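All chains should be modelled from the sequences, with the hints used to inform the complete structure.
Taken in sequence, the protein lines are chains A and B. Under the working numbering, the first sequence has 224 at position 197, and the numbering climbs by one with no breaks. Under the working numbering, the second sequence has 378 at position 346, and the numbering climbs by one with no breaks.
Read the hints as simulated data drawn from the structure, not as lab findings. In this text the structure is predicted, and so the values were computed from the model without any measurement. Take these hints with a grain of salt, some might be off.
Unchecked claim - Restraint-style ranges between C-beta atoms, simulated for each label pair:
# : chain 1 : residue 1 : chain 2 : residue 2 : range
1 : A       : LYS473    : B       : TYR112    : 52 to 60 Å
2 : A       : ALA72     : B       : THR79     : 22 to 30 Å
3 : B       : TYR112    : A       : ASP74     : 20 to 28 Å
4 : A       : LYS473    : B       : THR61     : 22 to 30 Å
5 : A       : ASP68     : B       : THR230    : 49 to 57 Å
6 : A       : GLU322    : B       : THR79     : 34 to 42 Å
7 : A       : ASP77     : B       : LYS258    : 52 to 60 Å
Said to hold, decoys possible - Derived coverage of chain B by chain A (criterion: at least 3 residues anywhere in the stretch with Cβ under 8 Å from a Cβ of chain A; other residues may be distant):
# : segment
8 : 93-104
9 : 294-303
Said to hold, decoys possible - Some chain A residues flagged as far from chain B (calculated, every beta-carbon gap over 10 Å):
#  : residue
10 : ASP256
11 : LYS323
12 : ASP345
13 : THR398
14 : GLU458
15 : GLU481
Backbone N, C-alpha and C define an ideal beta-carbon position, used for all residues, glycine too.
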Amino acid sequence: MKEPIGTTGLILNEPLLWEKGSKGRLGMSIPESDVPAVEMDSDLAGDGPDFPDLGELDVVRHYTRLSTWNFGVDSGMYPLGSCTMKYNPKTNERQAGLPGFANAHPLLPPELSQGALKLYYALQQYLAEVTGLPAVTLQPAAGSHGELTGMMIFHAYHQSLGNPRSKVLIPDTAHGTNPASASLCGYTSIPVKSNANGVLSPEDVAAVMDEETAGIMVTNPNTLGLFEDNIGEIADIVHNKGGLVYGDGANMNAVMGIVNLACTGVDVLHLNLHKTFSTPHGGGGPGSGPVCVTEKLERFLPVPRVLEQGGRYTLSDDFPDSIGKIHAFYGNFSILVRAYSYIRSLGADLKKASQYAVLNANYIKESLKETFHLPYDRPCMHECVFNDAKQEEFKVTTLDIAKRLIDKGVHPPTIYFPLVVPGALMIEPTESECKEDIDHFIETLKAIAAEARENSEILHAAPVNTKVKRLDETLAARKPCLRG
Amino acid sequence: MRYLPHTEQDIQAMLEVIGVDSLEGLFTTIPKDCRRTEALNLPDPMTEWELNRHMDALAADMAAAPEYKVYLGAGSYDHYIPETIRQLILRGEFFTAYTPYQPEISQGTLQAIYEYQTLVTGLLGMDVANASMYDGASGLAEALLMSIRVSRRKKVAVSTAINPLYRQVVKTYLAPTGYEIIDLPCLEDGRTDLAGLTNPEELAGVAVQSPNFFGCIEDLKALGEKIHVDPKTLFIVAFSEPLAYGMIKSPGSLGADVVCGEGQSFGIPRSYGGPGLGMFAATKKCLRAMPGRLIGQTVDRDGKRGFVLTLATREQHIRREKATSNICSNQGLCATMSAMYMASMGGTGIRRLARLNHDKAQYLKNGLARAGFEIPFAAPTFNEFVVKFPAGFETTYRELLTKKIVAGLPLGTWYPDLADCYLMCATETASKEDLDELIKEVQP
Numbered sequence: 028m029k030e031p032i033g034t035t036g037l038i039l040n041e042p043l044l045w046e047k048g049s050k051g052r053l054g055m056s057i058p059e060s061d062v063p064a065v066e067m068d069s070d071l072a073g074d075g076p077d078f079p080d081l082g083e084l085d086v087v088r089h090y091t092r093l094s095t096w097n098f099g100v101d102s103g104m105y106p107l108g109s110c111t112m113k114y115n116p117k118t119n120e121r122q123a124g125l126p127g128f129a130n131a132h133p134l135l136p137p138e139l140s141q142g143a144l145k146l147y148y149a150l151q152q153y154l155a156e157v158t159g160l161p162a163v164t165l166q167p168a169a170g171s172h173g174e175l176t177g178m179m180i181f182h183a184y185h186q187s188l189g190n191p192r193s194k195v196l197i198p199d200t201a202h203g204t205n206p207a208s209a210s211l212c213g214y215t216s217i218p219v220k221s222n223a224n225g226v227l228s229p230e231d232v233a234a235v236m237d238e239e240t241a242g243i244m245v246t247n248p249n250t251l252g253l254f255e256d257n258i259g260e261i262a263d264i265v266h267n268k269g270g271l272v273y274g275d276g277a278n279m280n281a282v283m284g285i286v287n288l289a290c291t292g293v294d295v296l297h298l299n300l301h302k303t304f305s306t307p308h309g310g311g312g313p314g315s316g317p318v319c320v321t322e323k324l325e326r327f328l329p330v331p332r333v334l335e336q337g338g339r340y341t342l343s344d345d346f347p348d349s350i351g352k353i354h355a356f357y358g359n360f361s362i363l364v365r366a367y368s369y370i371r372s373l374g375a376d377l378k379k380a381s382q383y384a385v386l387n388a389n390y391i392k393e394s395l396k397e398t399f400h401l402p403y404d405r406p407c408m409h410e411c412v413f414n415d416a417k418q419e420e421f422k423v424t425t426l427d428i429a430k431r432l433i434d435k436g437v438h439p440p441t442i443y444f445p446l447v448v449p450g451a452l453m454i455e456p457t458e459s460e461c462k463e464d465i466d467h468f469i470e471t472l473k474a475i476a477a478e479a480r481e482n483s484e485i486l487h488a489a490p491v492n493t494k495v496k497r498l499d500e501t502l503a504a505r506k507p508c509l510r511g
Numbered sequence: 033m034r035y036l037p038h039t040e041q042d043i044q045a046m047l048e049v050i051g052v053d054s055l056e057g058l059f060t061t062i063p064k065d066c067r068r069t070e071a072l073n074l075p076d077p078m079t080e081w082e083l084n085r086h087m088d089a090l091a092a093d094m095a096a097a098p099e100y101k102v103y104l105g106a107g108s109y110d111h112y113i114p115e116t117i118r119q120l121i122l123r124g125e126f127f128t129a130y131t132p133y134q135p136e137i138s139q140g141t142l143q144a145i146y147e148y149q150t151l152v153t154g155l156l157g158m159d160v161a162n163a164s165m166y167d168g169a170s171g172l173a174e175a176l177l178m179s180i181r182v183s184r185r186k187k188v189a190v191s192t193a194i195n196p197l198y199r200q201v202v203k204t205y206l207a208p209t210g211y212e213i214i215d216l217p218c219l220e221d222g223r224t225d226l227a228g229l230t231n232p233e234e235l236a237g238v239a240v241q242s243p244n245f246f247g248c249i250e251d252l253k254a255l256g257e258k259i260h261v262d263p264k265t266l267f268i269v270a271f272s273e274p275l276a277y278g279m280i281k282s283p284g285s286l287g288a289d290v291v292c293g294e295g296q297s298f299g300i301p302r303s304y305g306g307p308g309l310g311m312f313a314a315t316k317k318c319l320r321a322m323p324g325r326l327i328g329q330t331v332d333r334d335g336k337r338g339f340v341l342t343l344a345t346r347e348q349h350i351r352r353e354k355a356t357s358n359i360c361s362n363q364g365l366c367a368t369m370s371a372m373y374m375a376s377m378g379g380t381g382i383r384r385l386a387r388l389n390h391d392k393a394q395y396l397k398n399g400l401a402r403a404g405f406e407i408p409f410a411a412p413t414f415n416e417f418v419v420k421f422p423a424g425f426e427t428t429y430r431e432l433l434t435k436k437i438v439a440g441l442p443l444g445t446w447y448p449d450l451a452d453c454y455l456m457c458a459t460e461t462a463s464k465e466d467l468d469e470l471i472k473e474v475q476p
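Structure representation (structure tokens):
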């Protein structure tokens, strides 16, 4: 095996911001005043916050050092399942940073913001084409925000028929955001178990679907990386009782150009632009979660909506059935610029991205299934889920395996999710990784499995090459210290 | 395609290991009737250089500062952004990481957000701040929902001097569950009127904004006292211009229970409205009911200081349908940018910058008043204020657009009573000459 990527080097310490600096320093230039000073009413005037005063280089070094304690896609393989940590193209940053976009005020009259509106309108059309669902809103600021928007559309649709209904069906493989989003709309979540094959059975859905149920939320491919092959029949069951089908598109990276979501019976779908469409994850955001719907549900989409007439674009609030606004302005526009740039860079090759993502995942699955237990041995989509059952006899857990991967220079997969697989290791390589890097990842995991057999202490001690070792999360929760 | 590293040889070798003949063979579990039959109908792929030209053309079809003089605020502000922030935020280790689930290799993000939480609590005068919400509007909606959870009451009151776009979002968030929203009117001076607020014991929370949408600084102390007649009612203070707290008293020091608002002003480009930053802070008693991620300090096995995501039992990935919110992704990069900006200003800088904004807007306000225009609201303001132009000003407004001046925001759309009123904003980016020119140009 090649030398591991993980090694040790000089790690620089850096204190907290307020542990450095000196009163009177400035880290940015502040213009001199060219207008008279005016006193503020003394009842209202305050002293201002007690921020530390730092010089510009203090700030630069502070954040440069902090950044070196992080691991990103730019650092190495980041196979975090269901998060689609693909490469974030550098050119997209140039495009989002163009002064015309970056300096544009959101309330400019439409005639002064044609470029943004044109891009907005085109991106809606591209996403409609990729999903097969004709009407799109780009307003939701993240995937879970898209789910909430989708549930609001469920509610508005049923309300328009006289009864908003009270329940939503949610498979046990779903992300936690699904039931949480349903709750925000007042819906009770009714769990549906997946079957022995890791997918939903039509009978199980039929058993709980009734006319008080607003619909079902299905992640497809699901979080086991499996395509819900009964989706058509399930959609029929739900539709026959007057319900709607919500598609959680978190895993859309498996099926671009391959599946037409409208044909699977999905009525409402959210996409995560920060997953499938290459926009940066940024240590937890900002994301973007557009929602695509069928023609029948278009009238409920959030306002304002972009209208086009003869090549000119305007914004309109004139949709009386709309659920309303869900973002102060139009969503995370600069993230939309990045996704647009990605789509224009790939065009119909988006399909290749999905094909290679699925190729990489199946290759890993086949290469590691002798080494790690594979609870569902079926062809997978963009991710595969192993667990630690084979390592149990050496008292090695999924957490130990994950931490040892860190020492070897690879970001761990998603662990302990989905909940239906105890000790899950959920691996999503994405199409960005080349064969050599995937092979290296496979060899690394095999080496860790060997260590588990021969010298499990190394795994229990891991990670040791990092700035800090395993952290006491219990202490953090028991005695919360949330500010300095 | 440069983002797709697979060669024909790689593909064949990998397919062989998998045991299928072709890429198509990977998708046999998908039923035929779910499959797409035709190719994606998207424009042809562009090279990097073609994309640059294409995007340059789109971006050129925008009226952006500094070419245009844009006197618009209303929740999105024009402030200088130091080059340091633009470059530091692009460090791939920050930019291309995700939620810090593996703290040992995420200490950069974790310390940066811990510092952000600390700076925000200091700025707003609160006990705890979360790792951020989507924007000021959703932050306010979540604050009101939190007040409903904490008090188990079903009614909230919201000032009509809160940004109308935020109020629309609140309405959308509360509609499915049917919670009642009571609109609080404004006094003649542009501040919120609580006189009609009877039965405070029925209210989960009362929300005002300061400085409010009209730029007026609310008398938070007096409002808080009236609202806290019932101690269970949460006093929620929203904001859209956090720079104001560089020179006015913090909401926390005046009795607020929750403070939430938009942090775009702090080093984040306007970007046609997003991404912004939902700052969210509260008193200790609200801690366990708070939405969003929290970063906490702890120690590692060797006793060394480190940071982790904490109190996750509030959150959707643990609590699912019983979570305090559905929020998962926050606005991590934007929170980091705002922390960089707060660190760059420092306490000394924020006072100077806040004062400069105040003085510029005062100069404009006084200049317009001297030119004979009515300033309808008498309450003190920060960097925004309302001016009333004579009927028919619309024509002048449109003419000024052709001169690359956007002379404020017409308020008639949201406030029919304020048909000829415009919300003006002046920040440190407007020079005295710019302001003099504006004062001259709006005169008939």
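Going down the list of hints, with the structure as the test:
1. In this structure the hint that A:LYS473 and B:TYR112 lie 52 to 60 Å apart at CB holds, the actual value being about 53 Å.
2. Checked against the hint of 22 to 30 Å, the C-beta distance between A:ALA72 and B:THR79 comes to roughly 56 Å, which is inconsistent with it.
3. A beta carbon spacing of about 24 Å between B:TYR112 and A:ASP74 agrees with the range 20 to 28 Å that was offered as a hint.
4. A hinted range of 22 to 30 Å for the beta carbons of A:LYS473 and B:THR61 is consistent with their spacing of about 27 Å.
5. For A:ASP68 paired with B:THR230, a C-beta distance near 30 Å fails the hint of 49 to 57 Å.
6. Roughly 36 Å separates the CB atoms of A:GLU322 and B:THR79, a value that falls within the hinted 34 to 42 Å.
7. Checking the proposed 52 to 60 Å range against A:ASP77 and B:LYS258 shows it is violated: the Cβ atoms sit about 29 Å from each other.
8. Counting residues of the segment 93-104 of chain B whose C-beta sits closer than 8 Å to any C-beta of chain A gives 9, which meets the bar of three, so the coverage hint holds.
9. Counting residues of the segment 294-303 of chain B whose beta carbon lies closer than 8 Å to any beta carbon of chain A gives 4, which reaches the threshold of three, so the coverage claim holds.
10. Chain B draws A:ASP256 into its interface by the beta-carbon criterion, the shortest separation being 6 Å against a cut-off of 10 Å.
11. Distance check on A:LYS323: its Cβ is at least 19 Å (rounded) from any Cβ of chain B, clearing the 10 Å threshold; non-interface status holds.
12. Separation of A:ASP345 from chain B is adequate, the least Cβ-Cβ distance of about 12 Å exceeding the 10 Å criterion.
13. With a minimum CB-CB distance of about 14 Å to chain B, A:THR398 clears the 10 Å threshold, and the non-interface call stands.
14. Some Cβ of chain B comes within 10 Å of the Cβ of A:GLU458; the nearest lies about 6 Å off, and the non-interface call is violated.
15. No beta-carbon of chain B comes within 10 Å of the beta-carbon of A:GLU481; the shortest separation is about 23 Å.
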